[in-house]
Amino acid sequence: MRKLPEEAVVGTAAGAAGSARPHESAVGHVSGAAVYTDDIPAPAGALYAYPGLSSVARGRIVSMDLDAVRRAAGVVAVVTSEDIPGHRDIGPVFPGDPLLAQGEVLYHGQPLFAVAATSQQAARRAARLAKVEYEAMPAELDVEAALAGGSFVRPTHTQQRGDAGAALDNAQHVIRGEFHSGGQEQMYLEGQASMAVPQEDGGVLVYSSTQHPSEGQKLVAEVLGLPLSKVTFEVRRMGGAFGGKETHANQWACLAALLARVTGKAVKLRLARADDFAATGKRHPFYSRYAVAHDSQGMIEALDLELAGNCGNSPDLSDAIVDRAMFHSDNCYFLPAARIVGHRVKTDTVSHTAFRGFGGPQGMLAIENIIEQIATATGLDPLDVRKRNFYSEEGGRDTTHYGQRIEQHIIAPLVERLEQAAAYRQRRQDLLAFNAQSPVLKRGLSLTPVKFGISFTVQHLNQAGALIHIYTDGSIQLNHGGTEMGQGLYTKVAQIVASEFKVPLERVTCTATRTDKVPNTSPTSASAGTDLNGMAARDAAGKLKRRLVEFAAQHFAVPANEIYFEADALHAGKHELGFAELAQLAYLNRISLSATGFYRTPLIHYDREAAQGRPFFYYAYGAAVSEVLLDTLTGEYRVTRVDICHDVGQSLNPAIDIGQIEGGFIQGMGWLTTEELVWGEDGRLQTSGPASYKIPAIGDTPPVFNVELLPDSPNVEATIYHSKAVGEPPLMLAISVWSALRDAVASLAGHRISPPLDAPATPERILRACDALRSAGKEGTS
Amino acid sequence: MIRFLSNSGVQEVDRVDPNTTVLDYLRDHQGHTGTKEGCASGDCGACTVVLASPEGEGLRYRSVNACITPLGTLHGQQLLTVTDLASEAGLHPVQQAMVDCHGSQCGFCTPGFVMSLFAHRKCHAEPEREQILESLGGNLCRCTGYRPILDAAQQMYQSPGPDQFSVREQATAEQLRALASEEASLEEAGKHYFAPTSLDTLAEIMETRPGARLVAGATDLALEITQGLASIDTLVYTGNVPQLQLVEERDGELLIGAAATYSQCRDALCKHWPALEELLARLGSLQIRNQGTVGGNIANASPIGDMPPVLLALGARLILRRGGETRSLPLEEFFLAYRKTALEPGEFIEAICVPLPAPGQQFQVYKISKRLEDDISALCGAFFLVLGEGGTVSEVRIAFGGMAAIPARARHCERALQGQPFSEQAVERAAAALSRDFSPISDFRASADYRMQVAGNLLRRLLLAQGMDADKLQVTHCA
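Same order as they appear, the protein sequences are chains F and R. Heads up: the first sequence is residues 1 to 782, going by our numbering. Heads up: the second sequence is residues 783 to 1261, going by our numbering.
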């Protein structure tokens, strides 16, 4: 069950880093007092904005008659691209994302214009009244066809080691195949929301549910033609984000700001769920094709893998996302010779974007599918194939195909530990016996590992800032560039600050993330929130401590090296000063009690030309064993038991870390099972809300769900208190569910035939795979 | 005017558009933003609130989705939201358990979970896993993976003693009875809401106001408002008519009043047809079943409603009423075409009558959906079977949802079985005959091929079920 270490590992004070403190907003959450963007009371006279969305996937706008929109009840203003005073493109990295359509429709659900009205409903109603005439153009929605047609949003990138082609040509055992994995809607419970409030100096204050306030600030400034200094973004918390509010929160903030500028009023913009589904990007669907050479023992000799990310209509973050898929296409396995090609395929859908894992899951799933194929071909247990191919210190098998050396060999002992704890071998035997006597229901079992690289692969994003004030009553206000989306970042960083000062956590208040407190911040993503902001906060705390020690040394005439913080007090020789008294005394002696902190991740580099380097500061590891029960008549199934062992280094907060692991696992399970995005031939997303798009519900949580943090495994790198990032890696533990389903299907033909099973493994896909095996089995015996 | 009880006392509401949902009333009119909007379609539970109404000496608590509950239906009930639970003594045990178990991460779904847990604790004396899953199946959480919430559902029972609501329960019930004594109505800018308390008045309103829309659970109708942005001129609520809530056995039939919710008729249905346990646990969510009605599921005439195939297979009939006239119509004559029914203008369903089971009858129903809980069926097959001498099929009714534009009997399939031994051969012929009964569509729920194949496989499952335990044959929603 939930195994929480008993004691704090870092500090002794209650609430210090290492202790399982509840989320800093837990009481606010359960009592309804926690305020989200749309809960902020609007200033008097505030207006409500809504976008008008395209109803074709691709085409030229012949005419756009907005008279009815303007005349609709409650409408105050209507804007089109023509009304934008500054930049009209809000592409976050590369251009290609018009704020409002400029004569051309790029995807179904694209904002064409926006309306501001006196109520949310008036705005929504009005936005539907536009008469838009399109000259429809053929839309390409199929990733394979677009790939064949050479349609890309960014150039293809290749990583190579050795001569995979030659190795494949000379190999005895070669498997070729192709594989699809589906996209995934973030389905944050709080939809996209912003409120822009005009300021007296012509600037604007924007409240936005965003993971990247600094980027929102920059884009609003560019759209309005303002210096960044006149635009402030604030976000106290998000009701979930998962990557979906990294760049895809920008458009709504920009539109609210634009309409606030035009009307002079505060403007709220909140998307209704169906429009949120239609108009914001998702996890990239991926198509891969591969050739793998292996020996009779299941050892990989060479891999030629092409990964084609379906990017939708624009680059957005796709370059980095497909790169990350490539960086994870080895997962935990040494590839003696490899050619990994990453395509950024352009299709005429909404632009796909960040989602927890950021391409990593897609790359990892591709290789795990290949491992499964090898296991079937060799007749080995897939777990043995996995273990044999792990990176290892011996035999020069410790370097990735992009040149990063694996320095901490955690995965083999971690898997060994989990294999024992979950009684994998015994259960494999039990399962074979069960399947032999059960004609309809079949059980499946799988253990899959995860190795996930931590750092932004875009180097400059690996920086963070923090700001700490100590007030004269000894209370501490903390601010940093990271955003709180439920992951517990504010809690962890507050714990770090409390640990630094050796004060109770209650002294520390973390305030809303604001671009006027800590500037030029990176998005809270890549699992790096705590690594970066925790270190920045520690830096700020360190500065304050040094100042206070220096002051105390003078004041008490005690050598600085005899001064330390402990138990909510400063100890200087025989003097003991409570933290509040210390703050008061320092203030009276004119010591600055405010400091900024800064951090940049060391050691990382990647030469994209050579496709070699050390893009990751370190790797986080984990493994999961999943067992499923499958109905081979309908394809329906349940996950009956899951065991996880996950490496978070030295945990900063075991409760939060376990929460991330359990939640990430279930979210990953959704991606691979019931969450299916279906676009119609007209380019319209048909699964446009929780009625049709099924994320896991409470009954999908396995009845047996054991999660353990890998004990005694501090990060060897100098991360904050030797912890490891935990946001994204656990999502990929759920590959074990897909793999277990595949295992259950494979039992229909004695595990001798590889089930064709793309992701997500919906009941329909499962049944199709069952049928394929049943008929292949029949052919095999006749 | 409508009158209801909030935690702060009696609320009298007049001159509010009857199309207003409880959620919009709370957030936009009252500024009570503790209750969240996640989907505005009743599919995520973030907006869950609890309604209390008098029952016996005390109160019946039920969780509902505020986003699809018309404001007028609050009349005579107590509305409790997440901001009402804490008291001077601190957090409510339900809330404290969520904090202690780390049950919130982003916190946006949390108010809904807290209210579903609160209702659960009011309705169940013990924390039983299966019941907890049912109570929380309509609350989506994207962060936690639900584990800590399941822990909280157990832990909340460790705090003994009555809460502030139990202490006042009798007084609240009396207060609510007094509030309900007057008939509710709402009017604003030409929009009307009527909530008659007698069948005659209801019939009269429906006859004299063409275009009036009948609203029962509103679980579907409200979507026209929240998704379609419709503004309905006249809403006529069935939920305050006592005769329409009846669930009783009468003359060899189970009579279900058209406004009886799933929750109200579930026990009676499952008593006679145990196969309905699994179906009703998976039909919508508890919030939906607390509001949705069997009558609405029929009148709505959706091809994917789950009760019509069940009732077709059971040979149910409807009592329809217009003005003072009633008529009886076999259910299978009710569905004419896609979302078209045999209802005449001004006519409505008064009751559903299901012949009570007799010895020798078999009834089974299988719902197939992507997600086991709270998902709309890709298809739903219902099977009524009587095996006579030597195992031959002497009576058979098979009906499917999701296979055609209306819920429909599979006549060719039935004929292939009628009079035949219930054997593999007959089942294979019957499965093949399904292609003459149906040509289903492909959509995002399932392809036509999958629907056809599984429809046949459900017949095969039915045959296997003759000699095997159900738990060896199918995956159930909480194994």
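By construction, these hints were calculated from the structure, which means they are not laboratory data. It cannot be assumed that every hint is accurate.
[To be verified] Stretch by stretch, here's where chain R covers chain F in the computed footprint (C-beta under 8 angstroms, at least three residues): (1) 24-34; (2) 629-635; (3) 752-765.
[What the hints assert, rightly or not] In silico SDA-like links for lysine to any residue, alpha-carbon gap of 20 angstroms or less: (4) F:K574 - F:R590; (5) F:K545 - F:D568; (6) R:K1254 - F:D568; (7) R:K1254 - F:K574.
[Unchecked claim] These stretches of chain R come out as covered by chain F in the derived footprint (C-beta under 8 angstroms, 3 or more residues): (8) 861-869; (9) 926-932; (10) 956-964; (11) 1041-1047; (12) 1223-1230.
Glycine included, C-beta positions come from ideal geometry on N, C-alpha and C.
Going down the list of hints, with the structure as the test:
1. 24-34: holds (count 10)
2. 629-635: holds (count 6)
3. 752-765: Coverage by chain R holds here, the residue count being 3 at a Cβ distance below 8 angstroms.
4. F:K574 - F:R590: 23 angstroms, violated
5. F:K545 - F:D568: Holds, at about 13 angstroms.
6. R:K1254 - F:D568: Violated: K1254 of chain R and D568 of chain F sit about 61 angstroms apart, past 20 angstroms.
7. R:K1254 - F:K574: Not satisfied, since the Cα-Cα distance of roughly 75 angstroms exceeds 20 angstroms.
8. 861-869: Our answer is that it holds, as 5 residues pass the Cβ test (under 8 angstroms) against chain F, meeting three.
9. 926-932: holds (count 7)
10. 956-964: The restraint on the region 956-964 of chain R is violated, since only 0 of its residues have a Cβ under 8 angstroms from chain F and three are required.
11. 1041-1047: Violated - the region 1041-1047 of chain R has 0 residues with a Cβ nearer than 8 angstroms to chain F, which falls short of three.
12. 1223-1230: holds (count 5)
Of the hints listed earlier, those the structure fails to meet are numbers 4, 6, 7, 10, 11, in rising order.
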